[in-house]
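Peer 1: The residues making up each chain are set out below.
Protein chains: 2
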Amino acid sequence: MPSDSTVPAAAPNPLERFVAVIPAGGVGTRLWPLSRAAAPKFLHDLTGSGSTLIRATYDRLKPLAQGRFLVVTGRAHEAAVCRQIPELAAEDLVLESEPKDSGAAIGLAAAILYRRDPETIMGSFAADQVISPDSVFQAAVLEAVHTAASGGGRGKIVTIGIEPTHPSTGFGYIREGSALEVEGAPSARSVAEFVEKPSLEVAEKYLASGEYLWNAGMFVAPVALMLEHLAANQPELHAGLMEIADAWDTPERDEVTARVWPTLPKIAIDYAVAEPAAAAGDVAVVPGAFRWDDVGDFAAIGRLNSAREDEAVTVIGEGARVFADSASGVVVSDTKRVIALIGIEDVVIVDTPDALLVTTKEHAQKVKGAVDALKASGDTDVL
Amino acid sequence: MPSDSTVPAAAPNPLERFVAVIPAGGVGTRLWPLSRAAAPKFLHDLTGSGSTLIRATYDRLKPLAQGRFLVVTGRAHEAAVCRQIPELAAEDLVLESEPKDSGAAIGLAAAILYRRDPETIMGSFAADQVISPDSVFQAAVLEAVHTAASGGGRGKIVTIGIEPTHPSTGFGYIREGSALEVEGAPSARSVAEFVEKPSLEVAEKYLASGEYLWNAGMFVAPVALMLEHLAANQPELHAGLMEIADAWDTPERDEVTARVWPTLPKIAIDYAVAEPAAAAGDVAVVPGAFRWDDVGDFAAIGRLNSAREDEAVTVIGEGARVFADSASGVVVSDTKRVIALIGIEDVVIVDTPDALLVTTKEHAQKVKGAVDALKASGDTDVL
Numbered sequence: 001m002p003s004d005s006t007v008p009a010a011a012p013n014p015l016e017r018f019v020a021v022i023p024a025g026g027v028g029t030r031l032w033p034l035s036r037a038a039a040p041k042f043l044h045d046l047t048g049s050g051s052t053l054i055r056a057t058y059d060r061l062k063p064l065a066q067g068r069f070l071v072v073t074g075r076a077h078e079a080a081v082c083r084q085i086p087e088l089a090a091e092d093l094v095l096e097s098e099p100k101d102s103g104a105a106i107g108l109a110a111a112i113l114y115r116r117d118p119e120t121i122m123g124s125f126a127a128d129q130v131i132s133p134d135s136v137f138q139a140a141v142l143e144a145v146h147t148a149a150s151g152g153g154r155g156k157i158v159t160i161g162i163e164p165t166h167p168s169t170g171f172g173y174i175r176e177g178s179a180l181e182v183e184g185a186p187s188a189r190s191v192a193e194f195v196e197k198p199s200l201e202v203a204e205k206y207l208a209s210g211e212y213l214w215n216a217g218m219f220v221a222p223v224a225l226m227l228e229h230l231a232a233n234q235p236e237l238h239a240g241l242m243e244i245a246d247a248w249d250t251p252e253r254d255e256v257t258a259r260v261w262p263t264l265p266k267i268a269i270d271y272a273v274a275e276p277a278a279a280a281g282d283v284a285v286v287p288g289a290f291r292w293d294d295v296g297d298f299a300a301i302g303r304l305n306s307a308r309e310d311e312a313v314t315v316i317g318e319g320a321r322v323f324a325d326s327a328s329g330v331v332v333s334d335t336k337r338v339i340a341l342i343g344i345e346d347v348v349i350v351d352t353p354d355a356l357l358v359t360t361k362e363h364a365q366k367v368k369g370a371v372d373a374l375k376a377s378g379d380t381d382v383l
Numbered sequence: 001m002p003s004d005s006t007v008p009a010a011a012p013n014p015l016e017r018f019v020a021v022i023p024a025g026g027v028g029t030r031l032w033p034l035s036r037a038a039a040p041k042f043l044h045d046l047t048g049s050g051s052t053l054i055r056a057t058y059d060r061l062k063p064l065a066q067g068r069f070l071v072v073t074g075r076a077h078e079a080a081v082c083r084q085i086p087e088l089a090a091e092d093l094v095l096e097s098e099p100k101d102s103g104a105a106i107g108l109a110a111a112i113l114y115r116r117d118p119e120t121i122m123g124s125f126a127a128d129q130v131i132s133p134d135s136v137f138q139a140a141v142l143e144a145v146h147t148a149a150s151g152g153g154r155g156k157i158v159t160i161g162i163e164p165t166h167p168s169t170g171f172g173y174i175r176e177g178s179a180l181e182v183e184g185a186p187s188a189r190s191v192a193e194f195v196e197k198p199s200l201e202v203a204e205k206y207l208a209s210g211e212y213l214w215n216a217g218m219f220v221a222p223v224a225l226m227l228e229h230l231a232a233n234q235p236e237l238h239a240g241l242m243e244i245a246d247a248w249d250t251p252e253r254d255e256v257t258a259r260v261w262p263t264l265p266k267i268a269i270d271y272a273v274a275e276p277a278a279a280a281g282d283v284a285v286v287p288g289a290f291r292w293d294d295v296g297d298f299a300a301i302g303r304l305n306s307a308r309e310d311e312a313v314t315v316i317g318e319g320a321r322v323f324a325d326s327a328s329g330v331v332v333s334d335t336k337r338v339i340a341l342i343g344i345e346d347v348v349i350v351d352t353p354d355a356l357l358v359t360t361k362e363h364a365q366k367v368k369g370a371v372d373a374l375k376a377s378g379d380t381d382v383l
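Those sequence lines, one after another, are chains A and B. Using the UniProt record's numbering, you'd call the opening residue of the first sequence number 1 and step up by one each time. Using the UniProt record's numbering, you'd call the opening residue of the second sequence number 1 and step up by one each time.
Take these hints with a grain of salt, some might be off.
Where chains are identical, the list cannot tell them apart; a pair therefore holds if satisfied intra-copy or between any two copies.
Claimed, not checked - Taking lysine to aspartate or glutamate pairs in the EDC-like style, the calculated list, with each CA pair at most 16 Å apart, reads:
1) LYS368 x GLU87
2) LYS366 x ASP325
3) LYS62 x GLU16
4) LYS62 x GLU204
5) LYS368 x ASP325
6) LYS336 x ASP354
7) LYS366 x GLU243
8) LYS375 x ASP325
Hints were generated in silico from the structure; no laboratory data involved.
Required output: the full structure, derived from the provided sequences and hints.
Peer 2: Given below as structure tokens:
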């Protein structure tokens with residue numbers, strides 16, 4: 001972690017208005033049975049670092065946000081999140097009674113922050129991503145904060161786009177436009193367009209062109225500008241969120257939330273804000289040259305634990321006792337059982353107290369189908 | 001099970017002198033982690049029949065032996081064996097304080113039975129083999145009993161040789177000699193020789209010749225003849241066993257056994273008795289046309305559960321909840337966990353509360369090596 005001396009202290013510094021929002025939702029079905037409703041992905045240490053993903057996210061943002069955080073998560077995860085981040089005060093936590101997609105979750109964070117201070121610049125960073133090195137990430141966020149504060153009073157919605165390392169068909173892309181002239185953000189550019197997950201052929205063209213970045217869903221923006229676009233594109237969602245936000249720091253919070261939240265439409269923040277804002281010319285991008293992974297499946301876990309790549313079997317989990325003979329792959333263990341692998345290549349084994357997954361790296365993406373089938377068969381106790 | 005009417009009642013019937021000896025030893029290391037020191041192979045139902053192997057062995061012999069049994073097992077397994085065969089009286093059980101190989105185990109059974117009745121014909125049948133159909137096995141044992149009682153007062157040591165179905169390199173073979181003329185045993189022949197486990201090339205020749213049978217370690221013999229050969233070939237072992245047998249049904253049993261048993265040499269019954277007896281012309285063979293398997297590894301378990309071969313994954317274990325997608329192989333479950341297999345072929349999974357094995361049918365024979373490695377690493381709690 002860089003020292004705080006990387007954070008410039010000159011006033012007026014837009015970083016003083018910065019609040020880090022951490023949406024911690026999503027079960028991570030493709031990481032079943034490790035990740036599941038009761039113990040979602042962000043509560044696991046998937047990189048062998050000793051930190052859960054949410055704790056690592058918090059630590060990565062701390063030098064920029066200092067104590068200014070808002071974590072949005074499900075009510076069921078309150079205790080686990082507080083154990084992971086004991087620094088959080090009660091007002092730093094937004095608990096959803098039921099999941100409502102990222103539009104409502106991030107929109108509510110924007111609305112609450114707006115009511116607390118309309119000058120706030122929020123930065124939204126999912127709790128379940130892996131990033132390194134932290135210093136490169138922090139430099140990109142810092143540029144994004146400066147860019148978000150630029151352009152007169154209005155500012156920009158600034159995505160952080162990841163420089164692609166391979167022609168992924170699993171991510172959306174951002175096409176960069178012209179360079180912006182922002183003080184403190186030399187690499188900021190306009191966004192020409194957001195594009196959906198491409199075919200492999202298209203992804204290869206994107207990669208070759210050098211004009212495209214991965215859309216990692218990270219953005220920094222003045223909350224006022226977020227809410228302006230939300231009001232324009234999703235007036236019903238905006239009205240409901242403002243009603244909740246008005247009541248949030250009052251005794252009426254629970255009553256109003258219980259009444260309004262269940263009625264809100266489910267929509268991703270990309271559709272509710274980012275794409276229409278880009279069309280309106282209000283979105284910028286700062287490229288991030290850091291390593292980034294959304295840990296989409298167990299093959300990713302194998303990649304992310306490359307520190308042990310001298311061993312053929314990557315073992316995740318403190319208690320695991322793995323014995324391998326002519327075997328390779330990934331073992332994720334949530335138990336203290338002895339696991340013996342003999343003569344099996346590229347295997348993926350996930351061992352938890354009540355469920356066991358055995359697959360291959362090649363088939364790791366199919367785990368979601370297994371979970372759907374278990375759901376259909378009524379074996380929901382392990383989901 | 002055939003009715004008792006298959007057992008001839010004409011006197012003097014040598015079957016009335018028949019006692020079934022069931023050596024129940026051997027951990028079955030290649031079936032780890034299902035089979036282990038605390039729960040050896042014979043205490044498992046490996047065929048999905050609803051019976052453990054030792055119970056099935058008892059039931060298969062019951063029409064011939066009636067209540068005349070002697071089970072030789074380790075002291076640690078007394079309670080489990082009695083739960084499996086509640087019919088056993090205290091005098092039907094021989095408990096070893098430490099394992100001493102088959103020479104001492106079967107030799108002690110012979111000596112005890114000899115002291116109780118020197119005219120006894122013993123039949124020794126390991127507790128951990130799978131045989132079907134029972135009726136064909138019983139007919140072969142019956143022929144073996146008649147053969148064992150033949151040849152004047154001396155009798156024969158009669159092995160039951162299995163008609164080979166493939167050129168196995170995992171078993172010893174018996175070369176048949178000339179036909180014997182034994183009343184009640186039309187298929188009995190002399191034994192030309194016992195041969196050790198052959199190479200594949202040699203095994204193929206054996207199979208093609210039609211003169212060879214698998215040595216399954218099953219034999220029927222007058223106890224007096226057994227002891228005669230034991231005395232000639234292993235005088236020290238013989239003397240020790242006779243000393244224990246003299247004290248067995250007296251108050252001195254524990255004292256004498258504790259003193260003598262630990263001093264006895266470890267030797268297989270094949271070397272101590274069968275092979276020298278064959279060289280002396282005292283061994284006959286009755287071919288068995290039944291299906292036989294010593295369940296040597298998990299691939300065997302897959303074969304033995306072919307009743308479910310319409311399904312790609314054979315599941316052994318009552319509590320198992322297996323979900324398979326593009327997968328094939330064998331799952332042996334000793335837990336109630338959900339097991340999801342995705343995109344993995346010919347896999348062998350053995351799931352127990354404290355140890356998990358993942359291998360392939362092809363590598364199933366290597367399990368013993370894993371157990372040795374675990375032993376070397378000190379992970380003996382799961383062995």
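Peer 1: Determine for every hint whether it applies to the structure shown.
Peer 2: Verification of the supplied hints:
1. LYS368 x GLU87: neither (34 Å within a copy, 51 Å between copies)
2. LYS366 x ASP325: between (26 Å within a copy, 9 Å between copies)
3. LYS62 x GLU16: Within. Shortest intra-copy distance 13 Å satisfies the 16 Å Cα cut-off; inter-copy 87 Å does not.
4. LYS62 x GLU204: The answer is neither: 36 Å in one copy and 72 Å across copies each exceed 16 Å.
5. LYS368 x ASP325: Intra 29 Å, inter 11 Å, cutoff 16 Å: inter-copy only.
6. LYS336 x ASP354: both (13 Å within a copy, 8 Å between copies)
7. LYS366 x GLU243: Classified as neither: same-chain Cα gap 41 Å, cross-chain 66 Å, threshold 16 Å.
8. LYS375 x ASP325: between (35 Å within a copy, 14 Å between copies)
The structure is inconsistent with the numbered hints 1, 4 and 7, although it conforms to all the rest.
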